[in-house]
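Enquirer: Take a look at the letters that make up each chain.
There are 2 protein chains.
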Amino acid sequence: MSLPESKDFSYLYSDETKARKPSPLKTCIHLFSDPNIIFLGGGLPLSDYFPWEDLEVNSPMPPFKNGIGAPIEGDNAMQSHITKLQKMHEGDIPLARSLQYGLSQGQPELLNFLRDHTRMIHDMHYADWDVLATAGNTNAWESTLRVFCNRGDVILAEAHSFSSSLAAAQAQGIITFPVPIDADGIIPEKLEAILDNWTEGTPKPKLIYTIPTGQNPTGTSLADERKHEIYRIAQKHDFIIVEDEPYYFLQMEKYVRDKAVRQKQADNAKLQHDEFLASLARTFLSIDTEGRVIRLDSFSKVLAPGTRLGWITASKKLLKPYLSLHEMTIQAPSGFSQSLISGLLNRWGQKGYLDWLLGLRHEYTLKRDNAIDALYDFVPQTKTFTINPPIAGMFFTVNIDAAAHPQFKTVYNSDPAAVEQHLYEEVVKSGVLVVPGAWFITEGDTTPTQPASSKENNAPNEIFFRGTYAAVSPEKLREGLKRLGEMLQKEFSA
Amino acid sequence: MSLPESKDFSYLYSDETKARKPSPLKTCIHLFSDPNIIFLGGGLPLSDYFPWEDLEVNSPMPPFKNGIGAPIEGDNAMQSHITKLQKMHEGDIPLARSLQYGLSQGQPELLNFLRDHTRMIHDMHYADWDVLATAGNTNAWESTLRVFCNRGDVILAEAHSFSSSLAAAQAQGIITFPVPIDADGIIPEKLEAILDNWTEGTPKPKLIYTIPTGQNPTGTSLADERKHEIYRIAQKHDFIIVEDEPYYFLQMEKYVRDKAVRQKQADNAKLQHDEFLASLARTFLSIDTEGRVIRLDSFSKVLAPGTRLGWITASKKLLKPYLSLHEMTIQAPSGFSQSLISGLLNRWGQKGYLDWLLGLRHEYTLKRDNAIDALYDFVPQTKTFTINPPIAGMFFTVNIDAAAHPQFKTVYNSDPAAVEQHLYEEVVKSGVLVVPGAWFITEGDTTPTQPASSKENNAPNEIFFRGTYAAVSPEKLREGLKRLGEMLQKEFSA
Chain V
1 MSLPESKDFS YLYSDETKAR KPSPLKTCIH LFSDPNIIFL GGGLPLSDYF PWEDLEVNSP
61 MPPFKNGIGA PIEGDNAMQS HITKLQKMHE GDIPLARSLQ YGLSQGQPEL LNFLRDHTRM
121 IHDMHYADWD VLATAGNTNA WESTLRVFCN RGDVILAEAH SFSSSLAAAQ AQGIITFPVP
181 IDADGIIPEK LEAILDNWTE GTPKPKLIYT IPTGQNPTGT SLADERKHEI YRIAQKHDFI
241 IVEDEPYYFL QMEKYVRDKA VRQKQADNAK LQHDEFLASL ARTFLSIDTE GRVIRLDSFS
301 KVLAPGTRLG WITASKKLLK PYLSLHEMTI QAPSGFSQSL ISGLLNRWGQ KGYLDWLLGL
361 RHEYTLKRDN AIDALYDFVP QTKTFTINPP IAGMFFTVNI DAAAHPQFKT VYNSDPAAVE
421 QHLYEEVVKS GVLVVPGAWF ITEGDTTPTQ PASSKENNAP NEIFFRGTYA AVSPEKLREG
481 LKRLGEMLQK EFSA
Chain G
1 MSLPESKDFS YLYSDETKAR KPSPLKTCIH LFSDPNIIFL GGGLPLSDYF PWEDLEVNSP
61 MPPFKNGIGA PIEGDNAMQS HITKLQKMHE GDIPLARSLQ YGLSQGQPEL LNFLRDHTRM
121 IHDMHYADWD VLATAGNTNA WESTLRVFCN RGDVILAEAH SFSSSLAAAQ AQGIITFPVP
181 IDADGIIPEK LEAILDNWTE GTPKPKLIYT IPTGQNPTGT SLADERKHEI YRIAQKHDFI
241 IVEDEPYYFL QMEKYVRDKA VRQKQADNAK LQHDEFLASL ARTFLSIDTE GRVIRLDSFS
301 KVLAPGTRLG WITASKKLLK PYLSLHEMTI QAPSGFSQSL ISGLLNRWGQ KGYLDWLLGL
361 RHEYTLKRDN AIDALYDFVP QTKTFTINPP IAGMFFTVNI DAAAHPQFKT VYNSDPAAVE
421 QHLYEEVVKS GVLVVPGAWF ITEGDTTPTQ PASSKENNAP NEIFFRGTYA AVSPEKLREG
481 LKRLGEMLQK EFSA
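First to last, the sequence lines map onto chains V and G.
For the first sequence, the positions run 1 to 494 when full-length UniProt numbering is used.
For the second sequence, the positions run 1 to 494 when full-length UniProt numbering is used.
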């Protein structure tokens with residue numbers, strides 16, 4: 001059975017996208033490799049003068065049986081040799097090509113790996129999808145705003161979301177509209193109510209921006225059944241879904257406080273590849289039947305942030321304006337990044353990469369468990385504080401009822417934000433840095449289109465702090481959370 | 001004598017720049033390296049899990065006495081070892097840092113090299129200048145448009161200019177206004193006349209975009225004395241000068257047809273470093289007393305395009321909005337590119353890098369001479385065709401009086417553009433690709449602000465084709481130009 005083609009959503013494009021003409025030079029660049037044509041067309045320097053002959057690279061070797069951070073020696077050592085002119089492995093991108101102009105979509109060896117990976121992870125329901133290499137999800141999201149949005153357009157986002165993503169939109173004059181969330185992410189009924197009651201005559205949202213897995217900053221994950229509901233609402237109100245998924249492969253088992261049970265789980269957690277794949281959250285991409293979903297993936301959290309390499313998966317139609325934009329911005333991700341990542345992943349193979357992702361899951365599970373244990377050990381066990389152990393990502397939150405602060409009314413004028421700011425200053429003084437929730441509020445009250453329902457807040461005095469268990473060692477993490485807990489204890493005792 | 005501070009040009013910023021709020025997360029990232037603070041602030045993955053332990057790199061070794069393309073062996077071989085945690089050379093950037101988040105301005109070891117390089121090449125007349133790493137000049141130029149321009153703003157550009165740069169502006173709704181050029185670049189008198197007669201009530205240009213050295217597509221270079229004049233006009237009419245200088249280090253001696261004289265010149269051309277530095281064109285940066293110049297440099301033409309690494313030199317004030325923008329777009333250039341380039345350049349040292357640039361100059365001089373020799377040998381020596389041997393860059397042009405085509409009136413209705421299109425098709429058929437000048441026209445007639453003077457054209461039927469001598473071997477280049485010459489001969493004989 002052949003799959004249907006994606007729908008045409010070009011009517012949602014920005015004025016900029018509609019006005020963008022491809023550079024005429026791109027119409028002739030394919031002649032560079034035509035043996036019958038002597039190419040005097042474009043300013044391509046000879047690779048003879050690229051001053052890197054080859055790179056010898058030491059990396060860990062699947063199946064990483066002593067863990068992904070184990071010393072690179074013995075049977076955990078893999079050496080790659082990336083050269084200027086030759087392929088030492090069929091998945092290599094010779095430096096003469098990766099360091100040259102051209103191929104803005106990405107180098108074929110890397111794209112082919114990502115296409116195979118996509119087929120393994122997602123359940124694609126339309127035929128004409130593809131991938132496009134990016135300089136990471138920050139770049140991909142900013143490009144998304146340029147591709148779709150004009151000044152004055154509205155986009156939807158989780159009520160607390162990644163501050164840089166929101167700031168990028170706001171600088172462009174795009175109005176960010178908050179959607180209520182709970183411990184399972186966006187609440188579909190509230191989303192639908194907002195859209196059903198949208199003020200007539202004001203622009204309807206062109207897209208929703210969501211971080212479904214291990215959401216930043218709340219650490220929550222969007223429940224699978226809600227994704228189906230949200231997709232239905234997106235069809236009903238005709239907007240694009242942008243799923244920003246840097247933490248997708250940091251999914252774990254649920255946190256269990258009982259260490260004996262946990263140990264049992266950990267033994268089970270040595271998943272086979274098929275069990276691992278089956279355990280992953282369903283993606284919007286896997287629900288999409290029309291090419292309405294744009295997925296942003298990144299190597300930042302699974303390999304390294306400074307690779308500045310990620311990819312977009314979407315319909316070929318929707319990838320076209322990204323390609324035209326990128327030809328005028330990044331041109332392409334770094335050739336070194338492409339050669340080194342393609343060399344690594346193609347040597348590992350899809351199976352070796354799954355081994356790596358399983359190893360990562362194991363490390364993050366230990367980190368998460370260590371963090372949540374410490375929170376339960378050091379944060380006072382009262383109704384004032386709520387701990388929501390995450391099932392994915394790098395972040396946890398400590399939610400606090402600011403009204404329980406002894407000086408809530410007297411010193412802070414019943415303003416939870418003032419308590420939050422005070423606690424932030426105290427926590428830094430105590431020698432640990434966690435980030436106040438106020439830094440992540442999706443501002444939406446600048447627009448007259450905002451119906452009252454989105455302002456609704458069941459816990460008006462709730463504040464929270466976001467922490468990460470990614471950045472430091474287990475010992476430091478525990479010590480940091482001890483300091484946090486002691487500060488909270490001191491502050492909230494009468 | 002201490003230098004003055006730069007002026008404040010923030011009144012020229014775009015609405016987007018004015019609205020851009022820094023991400024609050026950036027206010028705490030410096031605490032990551034504070035030993036007294038346990039950092040649970042940002043989602044920074046541990047470098048233990050970056051799957052690249054080290055890179056061993058083979059590169060050529062200064063002084064490149066057998067040429068910059070010589071085999072990397074014997075005393076022309078330099079091996080660098082870039083590791084995850086250690087500096088094997090003081091100029092190295094360990095991968096644990098370059099592959100981590102942070103340092104959007106660029107890694108210090110690389111920036112320090114570029115600052116020293118700047119002091120050597122330019123004559124800075126104000127104190128608070130700095131450099132900022134970019135993902136190449138395409139990225140830097142597009143960022144410049146975002147930093148300064150709103151929809152409907154006007155910018156000036158050479159009457160023929162790099163099509164991708166123009167297209168980037170036009171897609172953003174920015175009006176590109178052509179400035180007449182001749183064999184020495186922008187004509188200051190014409191520029192001044194345009195601005196003195198600017199239609200009242202229409203927005204005046206915020207900036208001029210110029211490629212002073214080895215201009216793309218015309219291959220011309222802007223004369224030094226004209227730069228002083230243009231700077232004066234920029235002060236008078238208060239606009240920014242953006243000098244896009246990817247070809248700056250592809251400067252050469254003037255072309256000499258007589259091979260004996262040329263050989264003598266070539267012997268002289270083995271310049272000492274101080275002679276080489278003295279021979280370089282004066283830059284707008286060296287004229288700038290106010291911080292009105294933004295210079296875009298790139299490693300694309302001197303090392304390799306796929307490094308996607310360049311830098312902006314400007315006042316610290318003007319670099320700030322670029323940094324804020326880049327934190328929401330590229331974040332930083334690839335860490336691999338930064339580590340590999342910093343490792344290479346700091347091992348070479350400033351002197352070794354000058355050796356490399358001298359070597360490059362030598363190669364391009366040979367290429368240019370070979371190209372111009374072939375043009376004189378194969379293009380009919382009549383008044384119909386003009387050859388302007390370039391003194392810099394990668395490009396040459398063949399200018400053609402389209403009215404001399406035997407079918408100019410009969411078949412082509414006296415339309416030079418129709419002749420150009422026909423010749424383009426014929427030249428590709430003949431097996432060589434050169435690019436028609438029409439692809440590079442700076443469109444300006446969409447705005448009512450355009451005074452008639454800029455439309456002035458002393459040679460209304462002149463068309464041209466741009467070729468490059470960069471991309472192919474000398475033999476292929478000569479064969480390609482033979483095909484071009486034969487085609488022109490055939491087309492223009494009655």
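Watch out, some of these pointers could steer you wrong.
Pairs count within a copy or across copies, as identical chains cannot be separated in the list.
Claimed, not checked - Straight-line Cα separation of at most 30 Å, DSS-like style, residue types lysine-lysine; simulated pairs:
1. Lys87 <-> Lys476
2. Lys87 <-> Lys26
3. Lys204 <-> Lys18
4. Lys490 <-> Lys26
5. Lys482 <-> Lys26
Note that these hints are calculated values from the structure, not bench results.
Enquirer: If a hint holds in the structure, say so; if it doesn't, say that too.
Expert: Checked hints:
Within a single copy, lysine 87 and lysine 476 get their C-alpha atoms only as close as 44 Å, which misses the 30 Å cut-off; across copies the closest is 26 Å, which meets it. For a Cα distance limit of 30 Å, the shortest separation of lysine 87 from lysine 26 inside one copy, 27 Å, qualifies, whereas the shortest one across copies, 41 Å, does not. For the homomeric pair lysine 204 and lysine 18, the shortest alpha-carbon distances inside one copy (19 Å) and between copies (26 Å) are both at most 30 Å. Taking CA atoms no more than 30 Å apart as the test, lysine 490 paired with lysine 26 passes between copies only; the shortest distance there is 29 Å, against 65 Å inside one copy.
Taking CA atoms no more than 30 Å apart as the test, lysine 482 paired with lysine 26 passes between copies only; the shortest distance there is 25 Å, against 58 Å inside one copy.
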